[in-house]
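Asker: Protein chains in written order, with numbering that gives the first Met the number 0: chain Y, 0 to 221; chain C, 0 to 221.
For the record, the hints were derived by calculation from the structure and aren't laboratory data. Any given hint could turn out to be false.
Note: identical chains are not told apart, hence a pair may lie in one copy or across any two.
To be verified - Cross-link-like lysine to any residue pairs, in silico, SDA-like; alpha carbons within 20 Å at most: (1) K126 x E31; (2) K128 x F180; (3) K121 x A37; (4) K126 x E28.
There are 2 protein chains.
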Amino acid sequence: MPRRRGPTDQGLRTRQTILRRAAELASVEGLEGLSIGALADDLGFSKSGLFAHFGSKEELQLATIDAAREVYVQEVIAPALAAGKGLTRLCALCELFLSYVARQVFPGGCFFASAMAEFDCKPGPIKDKIAEIQAAWMETLRRAGASAVDAGELGPHTDPEQLAFELEAALLAANWYFHLFDDRSYMARAADAIRLRLSADATKRGRATLATRSTDTTAVTT
Amino acid sequence: MPRRRGPTDQGLRTRQTILRRAAELASVEGLEGLSIGALADDLGFSKSGLFAHFGSKEELQLATIDAAREVYVQEVIAPALAAGKGLTRLCALCELFLSYVARQVFPGGCFFASAMAEFDCKPGPIKDKIAEIQAAWMETLRRAGASAVDAGELGPHTDPEQLAFELEAALLAANWYFHLFDDRSYMARAADAIRLRLSADATKRGRATLATRSTDTTAVTT
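This is chain Y alone, in the form it adopts within the complex (with noise of 0.2 Å):
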């Protein structure tokens, strides 16, 4: 016999609701474009509603990236962590961040991407929610690395702070031209990029293990 909801989980899936369409919205609009006015109207919900929910725009702003957050976990990071260790934990991130991108889980491309590039120079504490979770996104791409150096993958000089970087710029660059140009061709330069900057640095336990790789590479981004 099904468990009877209560309010709180009618709530709760309500918010999710609001919160998902106003995280695509902003992923297009940008985040300072998101209103409770507007957001209502797409929902069809009543302004008094959703103001119950969220007594302000930076109220709803925060909560908005927590719900992408939440995506982007679910999307990305918990399949990458389950994938495997080291280099194939590596690869993994950068071909799901890529095929996140491809599949438009939001339409108007990586969430974060948009929200960095909206708040990169406006002080306060949506700029501070969106450096924290890119600090912990590049923290880890850098441990995946470092794990990788440790497992004799990538060679001994390897800087897994800047390879972190290097990979990053990959992703972001294929997620910009994507949308700027509709040209799905950057996925695949991103990916290829992605696979030759590992190559450099792997040993020859790593270059087995990016040979696995390759096929899903191609999956995911065609």
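On the provided structure of chain Y, position chain C as indicated by the hints.
Answerer: Frame of chain Y; chain C shown alone:
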């Protein structure tokens, strides 16, 4: 005896002042954040006076992009073309971009990186104009890479289009992370990434060219 300035000269200078300020504001607040009213307030001009220059917000946005392009040509493109050909030009383009970001020629970072991020998913004349400018920039990088191959500075297996994408990726990532984390070390990360990427494809002649550039790279990023 100095030439008497007609009203046309005066009008042109006023227009330039307006658009330069508009580009500065847009690099922080976005092109959608521009308004004729707010710009008039900021400059101490009358709103009706500004309307005489620009009939609509979109006209102001398009004129602002043109003004920003002039700045970009002056700060990055022209001195790089004057620096030399082939690999020298390619290095100069990258160094001058990093310098233009580090010197905060626009307070919000690269005007075009911001504009691309804002309009990459918003079809219309603004997106078209930004796409055209970004395509021209990528073509400038590609041509310099191709001429470095022709000059025997980069090996014959170099793909100049892929190389342009990878260099642009490092430059864009430096722009975002420098501002997001208020951390100038991202400039050095990008310069390192670019130097390593070019070294990987460089011939003996190319390595000699790169050796002459290393001081410049440090100079522009510190």
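Asker: Indicate, hint by hint, whether the structure satisfies it.
Answerer: To see whether the hints hold, each was checked on the structure:
1. For the homomeric pair K126 and E31, the shortest alpha-carbon distances inside one copy (12 Å) and between copies (19 Å) are both at most 20 Å.
2. Proximity of K128 to F180 under the C-alpha cut-off of 20 Å is restricted to the inter-copy arrangement: shortest distance 11 Å between copies versus 30 Å within a copy.
3. Proximity of K121 and A37 under a CA criterion of 20 Å is satisfied inter-copy only: 18 Å between copies versus 23 Å inside one chain copy.
4. For a Cα distance limit of 20 Å, the shortest separation of K126 from E28 qualifies both inside one copy, at 17 Å, and across copies, at 13 Å.
This entry satisfies every hint, going by the numbered hints stated previously.
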